[in-house]
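Peer 1: Below are the chains, spelled out letter by letter.
Protein chains: 2
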Amino acid sequence: MSRMPAQVRDLIMELPDSKIREVSLNSIGKPGLIALWFGESDEETPEFIRDAAKAALDGGETFYSPNSGIEPLRAEIRNYMGRVYGRDLDLNRFTVTASGMNAIMLSFQALVDPGDNVLVVSPVWPNCSETIRIMGGEIRPVVLDERDGAWSLDLQKLFDAADEKTKALFINSPGNPTGWMMSEGERDEILLWARKRGIWIMADDVYARLVYDRAHAPAFIEIAEPEDRLIAINSFSKSWSMTGWRLGWITAPAALEHDLAKLNEYNIAGPTTFVQHAGVAALRDGDPYVDGLVERLRRRRDLVTQSLGRFSRVRYTPPDAAFYAFFAVEGMADSLKFALRLRDEAGVGVAPGIAFGQSGEGYLRLCFASSERALSEAMERLRPYLD
Amino acid sequence: MSRMPAQVRDLIMELPDSKIREVSLNSIGKPGLIALWFGESDEETPEFIRDAAKAALDGGETFYSPNSGIEPLRAEIRNYMGRVYGRDLDLNRFTVTASGMNAIMLSFQALVDPGDNVLVVSPVWPNCSETIRIMGGEIRPVVLDERDGAWSLDLQKLFDAADEKTKALFINSPGNPTGWMMSEGERDEILLWARKRGIWIMADDVYARLVYDRAHAPAFIEIAEPEDRLIAINSFSKSWSMTGWRLGWITAPAALEHDLAKLNEYNIAGPTTFVQHAGVAALRDGDPYVDGLVERLRRRRDLVTQSLGRFSRVRYTPPDAAFYAFFAVEGMADSLKFALRLRDEAGVGVAPGIAFGQSGEGYLRLCFASSERALSEAMERLRPYLD
Numbered sequence: 041m042s043r044m045p046a047q048v049r050d051l052i053m054e055l056p057d058s059k060i061r062e063v064s065l066n067s068i069g070k071p072g073l074i075a076l077w078f079g080e081s082d083e084e085t086p087e088f089i090r091d092a093a094k095a096a097l098d099g100g101e102t103f104y105s106p107n108s109g110i111e112p113l114r115a116e117i118r119n120y121m122g123r124v125y126g127r128d129l130d131l132n133r134f135t136v137t138a139s140g141m142n143a144i145m146l147s148f149q150a151l152v153d154p155g156d157n158v159l160v161v162s163p164v165w166p167n168c169s170e171t172i173r174i175m176g177g178e179i180r181p182v183v184l185d186e187r188d189g190a191w192s193l194d195l196q197k198l199f200d201a202a203d204e205k206t207k208a209l210f211i212n213s214p215g216n217p218t219g220w221m222m223s224e225g226e227r228d229e230i231l232l233w234a235r236k237r238g239i240w241i242m243a244d245d246v247y248a249r250l251v252y253d254r255a256h257a258p259a260f261i262e263i264a265e266p267e268d269r270l271i272a273i274n275s276f277s278k279s280w281s282m283t284g285w286r287l288g289w290i291t292a293p294a295a296l297e298h299d300l301a302k303l304n305e306y307n308i309a310g311p312t313t314f315v316q317h318a319g320v321a322a323l324r325d326g327d328p329y330v331d332g333l334v335e336r337l338r339r340r341r342d343l344v345t346q347s348l349g350r351f352s353r354v355r356y357t358p359p360d361a362a363f364y365a366f367f368a369v370e371g372m373a374d375s376l377k378f379a380l381r382l383r384d385e386a387g388v389g390v391a392p393g394i395a396f397g398q399s400g401e402g403y404l405r406l407c408f409a410s411s412e413r414a415l416s417e418a419m420e421r422l423r424p425y426l427d
Numbered sequence: 041m042s043r044m045p046a047q048v049r050d051l052i053m054e055l056p057d058s059k060i061r062e063v064s065l066n067s068i069g070k071p072g073l074i075a076l077w078f079g080e081s082d083e084e085t086p087e088f089i090r091d092a093a094k095a096a097l098d099g100g101e102t103f104y105s106p107n108s109g110i111e112p113l114r115a116e117i118r119n120y121m122g123r124v125y126g127r128d129l130d131l132n133r134f135t136v137t138a139s140g141m142n143a144i145m146l147s148f149q150a151l152v153d154p155g156d157n158v159l160v161v162s163p164v165w166p167n168c169s170e171t172i173r174i175m176g177g178e179i180r181p182v183v184l185d186e187r188d189g190a191w192s193l194d195l196q197k198l199f200d201a202a203d204e205k206t207k208a209l210f211i212n213s214p215g216n217p218t219g220w221m222m223s224e225g226e227r228d229e230i231l232l233w234a235r236k237r238g239i240w241i242m243a244d245d246v247y248a249r250l251v252y253d254r255a256h257a258p259a260f261i262e263i264a265e266p267e268d269r270l271i272a273i274n275s276f277s278k279s280w281s282m283t284g285w286r287l288g289w290i291t292a293p294a295a296l297e298h299d300l301a302k303l304n305e306y307n308i309a310g311p312t313t314f315v316q317h318a319g320v321a322a323l324r325d326g327d328p329y330v331d332g333l334v335e336r337l338r339r340r341r342d343l344v345t346q347s348l349g350r351f352s353r354v355r356y357t358p359p360d361a362a363f364y365a366f367f368a369v370e371g372m373a374d375s376l377k378f379a380l381r382l383r384d385e386a387g388v389g390v391a392p393g394i395a396f397g398q399s400g401e402g403y404l405r406l407c408f409a410s411s412e413r414a415l416s417e418a419m420e421r422l423r424p425y426l427d
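These protein sequence lines map, in sequence, to chains A and B. For the first sequence, my numbering puts the final residue at 427, and the numbers step up evenly by one. For the second sequence, my numbering puts the final residue at 427, and the numbers step up evenly by one.
Take these hints with a grain of salt, some might be off.
[Said to hold, decoys possible] Straight-line Cα separation of at most 30 angstroms, DSSO-like style, residue types lysine-lysine; simulated pairs: (1) B:LYS236 to B:LYS205; (2) B:LYS377 to B:LYS59; (3) A:LYS59 to A:LYS70; (4) A:LYS94 to A:LYS59; (5) B:LYS236 to B:LYS197; (6) A:LYS59 to A:LYS377; (7) B:LYS205 to A:LYS205; (8) A:LYS197 to A:LYS59; (9) A:LYS70 to A:LYS377; (10) B:LYS94 to A:LYS94; (11) A:LYS70 to B:LYS94; (12) B:LYS70 to A:LYS94.
Note that these hints are calculated values from the structure, not bench results.
With the hints as constraints, model all of the structure from the sequences given.
Peer 2: Okay, here's the thing in structure tokens:
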């Protein structure tokens, strides 16, 4: 009789933990701790969005909904994309998903056979890579170059990394954790290259609206043809402070609508029905909130920059987008150990750079979507360790 | 320049549609149609559960939550499992998931490598099989025997279907669509066999409480040792009428807690935070609702049985569990075509047997979780086609 401990796939046992989760484990809500480790604003979801969810609950929106998303939400996504990007996109190009994360999983389920590889512009939020791994694919990091804390992409390096098994390029711009933002010229060149090579672009656009030097980040969806192999990922989490809601959407060629609907059905059926109604309100009435959030984030970025710029061990350039300070610490060999020390000694929670791949080692990520008071206090606490 | 239509994995393009969705496509909410095709009660979620969600929204529960689920919900699941099954299970055996469907996907991601096979007691809800396919696994249906409309499992047939590549047995008891319920004796034998063979049991227990001849269906979790290779799937959808909420849970060996947390992180992060708080209320205060629902369903089953028993073309035995009438129709060669005809001519939506695998051909599934008035009218409309 075999009574060994349960065994799961080797791939799954070897799947690394999110090292962000590892630092925060058992410390969420610890009194006195200033938690800047997650990619999450400290603001509750705006009331008008919560009210829309409550109204949908009162209205009995508690039943199954269509696999591609409820029609009012798909229509509102269409309006939103038209307003932001100036493109009139067909309704059948949108699939509502249970978060940006879930959109990434569905997309890689659609694309990645065992043995395929995916180019991943790095350092980057680890979850996209782990998703590739779960599907049996190979991750090929394409590492951004850093100079004085500013990040740039070597296009030739990117193009050279592809081979005949390359199924997709995953590109998160504005990027988490770096804040790197693809230029319009880079975008155009990458699209031409991907077209020629028949490689899918997975554009993780979840920070597209959290930008400080223009209205929105350059996006493939602005210039792509309807049939281009482009999957653009979006999420309600960041721009509308809805991390706990689990709602996002995919914009893809219409030819994928049916396959994505099937994958939605076989993964989760679809996001929570009344949450989708709240999504309608967020997109329809949320522009003032997003604008205000960007202004608050800009002040917070500047506050953090003031301190980081003065700390002698820190190499950092403030980002033009997203809500992270990602900075190098001179002499720090092990970012995970250092982050644990900051947590335990300084009472400040930051994410270790190693959480974002090997190319992130030597850096720390601090989410500045917190109150100025908390950020000022955090900077004071960090000074002895960084200065 | 390659501008072919987008191509996804062959596996995904070949993935069948849910034929339940196929029949219902474009007809949801069609005036006059009596829709009995989905596995969904026509009752809105009870008010006390909706109130709990609204209170959580008011309380600012709009942020990320832990990957295994919020602690109050895991604690309440423990209470519930203790109350129903008389077992005191450790907290680290529970993982909260975004629906029963999502629990199945996470579990097969954990277990199925390409080339592995999974035994599936059939006919059964198709989604579990498609999930296996997405992961590159092989489905081995083990077909229940039907006599006079009653279903039974030939254990020897089940045991003989396994080979060295068999990773798991998927068993949905009470079963959708058949209503078949595993006996205590069968359960005991299957567990001994699976233990000896080192084969995982995935027990889909979502209908465990919708039972008409006893308090709950026999379940592996009642007798399993903590280390047994058992993954028990549960859902809030059926017993608490929460289909649109996307909330469920897994009970597994504690050794899997960590891997399931990782998979939650990399699939969806976790279910909607305030929905989890509503789940606490459902489990804590929901027993009277579940009892009442079972009584209503019993009357509805009896009403449907009265008619079906009289129809000359129908072969049917009323089930002791779940909320489906699954009946053979004499002379019906193509259940999908027949279901489309019933939809278009009779204005009654039922699911074709073929939706539940080849072994379901020749049958129709009718969900009787609708008002007695709707069911009576549906039976009248169906008479010319079935009598």
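Peer 1: Take the hints in turn and mark each one as holding or not.
Peer 2: Against the structure, the hints come out as follows:
no., hint, verdict
1, B:LYS236 to B:LYS205, "holds, 15 angstroms"
2, B:LYS377 to B:LYS59, "holds, 11 angstroms"
3, A:LYS59 to A:LYS70, "holds, 18 angstroms"
4, A:LYS94 to A:LYS59, "violated, 35 angstroms"
5, B:LYS236 to B:LYS197, "holds, 17 angstroms"
6, A:LYS59 to A:LYS377, "holds, 11 angstroms"
7, B:LYS205 to A:LYS205, "holds, 28 angstroms"
8, A:LYS197 to A:LYS59, "holds, 27 angstroms"
9, A:LYS70 to A:LYS377, "holds, 19 angstroms"
10, B:LYS94 to A:LYS94, "holds, 6 angstroms"
11, A:LYS70 to B:LYS94, "holds, 26 angstroms"
12, B:LYS70 to A:LYS94, "holds, 26 angstroms"
Checked against the numbered hints listed earlier, the structure breaks hint 4 alone; every other hint is satisfied.
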